[in-house]
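**Student:** Residues per chain are reported as follows:
Number of protein chains: 2
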Amino acid sequence: MTSEEQTHAPLKPSPAAGTLWCPEAGRPRPLQSPGLRRVSGRHVGRGGVARVRRPSRWRRSRSPRGARRGRCSPTSTTSPWRWATGARAGRGTPPTSSSSSAPARSAAPSPWPRACATACVSCAASACGTQVPPRPDERPPRPDKTRPDKPLPFPRADESPTAPRSPSPQGPLSPPDVQFLASVLPPDTEPAFFDHLRALDCSGVTLRALPEGSLAFPGVPLLQVSGPLLVVQLLETPLLCLVSYASLIATNAARLRLIAGPEKRLLEMGLRRAQGPDGGLTASTYSYLGGFDASSNMLAGQLRGVPVAGTLAHSFITSFSGTEVSPDPMLAPAAGPGPRVDLAACVEAWLERVCVHLGLGVHEPHRGERVAFVAYALAFPQAFYGLLDTYSVQRSGLPNFLAVALALGQLGYQAVGVRLDSGDLLQQAQEIRGVFRTIAAQFQVPWLESVPIAVSNNIDEEELARLAQEGSEVNVIGIGTNVVTCPRQPSLGCVYKLVSVGGQPRMKLTEDPEKQTLPGSKAAFRLLGSDGSLLLDVLQLAEEPPPQAGQELRVWPRGARESCTVRPAHVEPLLRLWVQQGQLCEPLPSLAESRALAQLSLRCLSPAHRWLEQPALYQVALSEKLQALVDRLTAGGAL
Amino acid sequence: MTSEEQTHAPLKPSPAAGTLWCPEAGRPRPLQSPGLRRVSGRHVGRGGVARVRRPSRWRRSRSPRGARRGRCSPTSTTSPWRWATGARAGRGTPPTSSSSSAPARSAAPSPWPRACATACVSCAASACGTQVPPRPDERPPRPDKTRPDKPLPFPRADESPTAPRSPSPQGPLSPPDVQFLASVLPPDTEPAFFDHLRALDCSGVTLRALPEGSLAFPGVPLLQVSGPLLVVQLLETPLLCLVSYASLIATNAARLRLIAGPEKRLLEMGLRRAQGPDGGLTASTYSYLGGFDASSNMLAGQLRGVPVAGTLAHSFITSFSGTEVSPDPMLAPAAGPGPRVDLAACVEAWLERVCVHLGLGVHEPHRGERVAFVAYALAFPQAFYGLLDTYSVQRSGLPNFLAVALALGQLGYQAVGVRLDSGDLLQQAQEIRGVFRTIAAQFQVPWLESVPIAVSNNIDEEELARLAQEGSEVNVIGIGTNVVTCPRQPSLGCVYKLVSVGGQPRMKLTEDPEKQTLPGSKAAFRLLGSDGSLLLDVLQLAEEPPPQAGQELRVWPRGARESCTVRPAHVEPLLRLWVQQGQLCEPLPSLAESRALAQLSLRCLSPAHRWLEQPALYQVALSEKLQALVDRLTAGGAL
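Chains as they are written, first to last, in the numbering used here: chain A, 4 to 642; chain W, 4 to 642.
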């Protein structure tokens with residue numbers, strides 16, 4: 004349950020930032036974890052937070068993809084389809100592996116061996132998904148003007164709202180950074196250690212990852228990082244910080260989309276509840292990837308190409324007392340150069356007719372609210388929106404809105420919506436739709452019937468389900484706090500673990516079986532049935548030949564005591580090579596591409612895997628060789 | 004339940020970023036809100052996130068404080084001490100007010116009236132606290148080198164990890180910002196509106212706020228912003244984004260400190276679970292303010308002066324296989340130039356004695372772990388730390404640690420601690436302390452008895468209470484996820500509401516009484532008893548004379564149907580003037596000062612107000628004039 008954020012330069016090109024993520028059914032849940040799933044967010048490249056540095060040797064180059072795609076002929080599979088993960092959701096679990104090279108003996112000024120090593124980011128869960136078809140009224144994602152046609156291997160200063168504090172051309176740690184470290188480490192620390200830190204760079208780092216928007220199941224690595232041990236270790240916290248929240252928010256957004264169904268328009272409105280503007284930027288970006296339609300965060304639109312949307316504020320309404328007089332109340336017809344009409348006067352005339360229809364006194368609707376609506380309509384006649392609940396929906400907001408909407412309608416403009424922000428949203432929407440229908444019939448303005456009704460007000464999963472029920476007249480749903488803070492499970496327990504040093508597998512045993520790691524440099528594959536359905540994911544040692552479509556494979560479901568066989572019709576490698584020896588290998592996908600992948604991925608899941616509560620288990624299994632390695636290291640106390 | 008983060012330039016000087024915050028007992032709680040309280044974080048000035056801009060007219064100047072401090076003679080008070088807030092915790096509630104000036108009629112290209120206006124950030128809750136005495140082993144907060152002696156009125160590029168993306172000397176919105184807005188607003192929007200936006204600046208903004216580290220009770224404004232209506236409205240989301248999370252995290256940290264008691268050392272270790280590195284920076288800063296002792300976030304140490312602390316990683320241990328040979332295993336004695344000793348050989352000799360004592364075979368402890376410990380000890384002989392649970396605490400980690408610690412002890416070095424990260428932490432700590440004692444006696448190394456035992460592993464409030472119980476041998480407690488994400492209540496419902504326009508009060512009524520606002524420009528005072536105890540906070544209209552110590556005052560507890568009288572011994576104004584007409588009025592306090600204020604504030608609370616569950620109610624009341632205004636506006640449909 005996490006999703007990746009943005010930061011430190013070496014992470015920029017890592018693409019597994021947002022990964023669709025699910026817990027396992029039938030397993031202990033972390034605190035307040037009712038089954039949140041995880042959905043991929045955006046690749047780190049679109050991030051941009053603190054201390055973005057530019058390692059001198061990270062240069063862009065083309066290189067082949069990490070592994071070829073194996074799509075073969077259909078076959079049958081054997082089960083058992085029970086879950087077998089060794090970790091509970093929300094807590095770290097076994098990561099994976101990767102390559103390495105140098106021997107582990109040197110006179111390095113660091114206490115670490117100078118070997119090459121591999122570490123992996125992984126998590127515990129089981130994926131779910133939902134598909135959100137493109138909706139016709141959605142503003143298409145804007146081109147991300149800050150991103151070059153060919154992505155750079157490191158963040159550009161102008162790409163992020165938070166440019167590098169003191170970019171160092173030398174390496175990930177600037178001289179002031181090292182100076183600070185020297186001030187907090189014991190005073191007898193060997194001075195050469197700090198020289199060593201100053202000289203670090205990421206030229207030896209290789210990174211494989213799931214593409215952003217992928218579905219991730221428990222135990223499958225999201226990222227694999229190989230390189231000099233010390234550098235790989237320095238990347239741990241930045242990578243986790245980037246990956247976790249982005250995937251969490253994307254997953255949370257996908258859950259909310261699942262609940263809302265494909266028809267409702269979902270707006271993310273949570274910037275004020277984020278952990279600062281950068282957290283908000285990540286939330287807006289990855290909730291869009293997870294299935295939301297737009298965000299109220301203008302910066303996310305400007306920097307990430309997220310469609311932006313909003314309504315108007317109560318303070319706009321209350322800023323008018325009713326004594327204001329517009330300097331120019333005249334409005335020209337929508338169709339073109341016709342005679343201009345005094346909108347304010349026209350509204351007053353319509354108000355009388357509306358009040359008669361609604362059985363209200365003409366003085367009941369709040370004058371200040373109406374003057375505010377008129378001011379808004381004069382400024383944005385083609386985008387008139389009514390916020391109805393500042394004083395009273397039935398006695399003020401609704402009649403005032405109708406008077407202005409009908410006056411605008413007379414000039415050929417159509418109001419674009421109303422919003423409710425308090426009270427029983429579902430019931431009020433039904434009542435308002437009813438009024439729209441009778442007014443539409445009464446005054447022969449058929450478009451009024453279908454003016455979208457937007458609602459907001461601390462909407463959570465339960466309220467969303469209510470608002471999305473059959474027959475609901477709600478069209479647009481704004482969610483803030485409950486998408487941004489993921490209150491049902493506010494963190495995703497991604498972990499980053501050392502799995503191989505100098506080519507030798509490493510394993511942490513600990514007192515707690517849930518915190519044991521999966522040793523060795525590994526590859527991951529998704530096995531599919533002949534109809535494209537997902538069968539299971541298999542982890543194996545990197546040196547093993549990939550599974551072949553049509554061939555029976557014996558695997559050990561994680562945590563199970565018995566092996567089983569499976570015969571996939573298709574085999575898909577999961578991890579892609581993105582950075583090799585510090586060089587970006589292929590262009591990073593755009594936000595639109597990652598969003599499309601996320602929605603496509605979710606569509607491939609069976610309905611039972613998409614259940615919000617107690618979803619069916621999706622299996623991740625180990626190859627026989629990997630299982631044997633785990634058994635050997637466990638028996639030998641990790642040797 | 005929120006806390007303030009960092010951002011946008013105009014917010015830099017606003018000091019209410021972190022405010023100690025409590026919900027009200029006996030009121031409905033938001034989802035998963037078991038009574039989180041709120042503690043002030045740091046002033047916004049230490050922020051530094053996205054889109055920090057430098058308004059050209061924000062200049063520093065000295066000006067008198069907002070209100071004088073009234074401390075008078077003791078008196079008695081009358082109650083009733085029941086809570087009376089109109090909003091539930093976690094949701095927005097009535098804010099306060101402030102001044103204004105210009106008339107509300109103009110030909111502004113914006114649909115908003117061109118009046119001056121006031122808005123307030125407020126929240127719903129009741130404060131709690133605990134006092135954390137300085138501990139002798141705590142590294143003193145480092146001077147914040149990035150902050151000048153006299154604070155600047157706007158963020159400096161080098162003060163924040165995230166410098167301005169495109170600082171504009173012209174105003175809060177840069178030309179590209181306005182260009183983006185033009186691209187998403189309706190195409191027929193009046194072009195002059197965008198010229199108007201480009202010309203905006205913060206020179207007309209005045210800001211009053213609680214100092215950082217203050218206790219905040221429901222309904223009392225944290226911030227009051229006055230200035231041109233459009234500018235004040237543009238500040239809404241940035242201000243909320245800054246204030247909420249910082250106060251949430253500070254409050255959460257104060258709760259955890261309350262549970263831990265004053266003796267345990269609390270480390271914040273949650274960077275990897277934050278909403279990106281900036282969220283992590285805020286979390287580290289404000290958890291320190293709330294009562295933590297240090298953070299593992301080096302950047303927080305470097306940029307904010309938060310004390311940093313940490314142990315070592317499992318990956319460091321697993322990176323050693325045991326075949327490594329140190330290039331130089333010789334270590335000189337701590338005392339000075341004595342003969343150097345082969346530490347590795349010495350450790351092997353000690354291991355035999357330790358294993359005999361513990362009844363273990365000498366080959367049971369993991370060799371790689373021991374080699375890792377030796378490498379660490381050679382690099383940091385004065386700061387040797389043991390991470391015990393990589394393979395097995397009892398059979399490997401503990402004997403290996405003891406062998407190295409005893410070998411170091413022979414040279415005059417004392418190990419500084421051990422850490423446990425899995426299993427039953429409390430029980431293991433007891434067992435380890437027992438072993439320390441017997442080994443200390445056996446080998447006559449008395450210092451070993453009191454080597455600090457640190458624990459970590461998803462520690463939440465319940466587990467913390469267990470670890471802090473009487474007789475616990477745990478000394479240091481690392482908390483990550485559960486301090487950073489505040490899982491018991493992941494957001495604090497601060498709201499920012501328009502309360503006055505052109506000198507006229509404004510009030511939002513809505514369908515939901517909880518969302519009604521408190522109208523008018525207001526002042527806030529804390530009334531104290533003769534012993535310095537807190538009696539109640541009173542809100543009144545800005546034009547009313549302040550309450551006088553020793554004089555009886557009739558007030559209306561919020562939401563109550565009857566008034567009551569109170570006779571304070573002391574009266575303290577709560578809101579201070581920080582920015583007047585765009586100019587900073589007084590230097591912002593340092594982090595250390597704000598932390599001291601927070602701890603002092605918490606100490607002033609009665610024990611019943613500090614209860615973690617169902618704390619006693621603290622009363623916030625309205626003056627008779629303010630209550631009359633509320634009644635008048637409510638009866639008149641907000642007129």
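These are computed hints drawn from the structure, not numbers from a lab. Note that the coordinates shown come from a computational prediction; the quantities given were computed from them, not determined experimentally. Take these hints with a grain of salt, some might be off.
Said to hold, decoys possible - Restraint-style ranges between C-beta atoms, simulated for each label pair:
no., chain 1, residue 1, chain 2, residue 2, range
1, A, Asp198, W, Pro189, 22 to 32 Å
2, W, Ala185, A, Glu434, 53 to 63 Å
3, A, Pro178, W, Asp198, 53 to 63 Å
4, A, Arg356, W, Asp198, 37 to 47 Å
5, A, Leu603, W, Gly474, 34 to 44 Å
What the hints assert, rightly or not - Rough simulated footprint, nothing fancy, chain A against chain W, three-plus residues with beta-carbon under 8 Å:
no., stretch
6, 241-250
7, 302-315
8, 388-397
Yeah, the Cβ is synthetic: ideal placement off N, Cα and C, and Gly gets one too.
**Student:** Indicate, hint by hint, whether the structure satisfies it.
**Tutor:** The hints, checked one at a time:
Between Asp198 (chain A) and Pro189 (chain W) the CB atoms are about 59 Å apart, so this pair departs from the stated range of 22 to 32 Å. Here the CB-CB span from Ala185 (chain W) to Glu434 (chain A) is close to 37 Å, at odds with the stated 53 to 63 Å. The given range of 53 to 63 Å is broken by Pro178 (chain A) and Asp198 (chain W), whose C-beta atoms sit roughly 45 Å from each other. For Arg356 (chain A) paired with Asp198 (chain W), a C-beta distance near 39 Å keeps the hint of 37 to 47 Å intact.
Taken as a hint, the range 34 to 44 Å is violated for the pair Leu603 (chain A) and Gly474 (chain W), whose Cβ atoms sit roughly 57 Å apart. Under a criterion of three residues with beta carbons nearer than 8 Å to beta carbons of chain A, the stated coverage of the stretch 241-250 of chain W is upheld, 6 such residues being counted. With 4 residues having a beta carbon nearer than 8 Å to a beta carbon of chain A, the stretch 302-315 of chain W meets the requirement of three or more and the stated coverage holds. Evaluation of the coverage hint for the stretch 388-397 of chain W: fulfilled, as 5 residues show C-beta separations to chain A shorter than 8 Å, against a requirement of three.
The structure fails hints 1, 2, 3, 5 (numbered hints given earlier, in ascending order).
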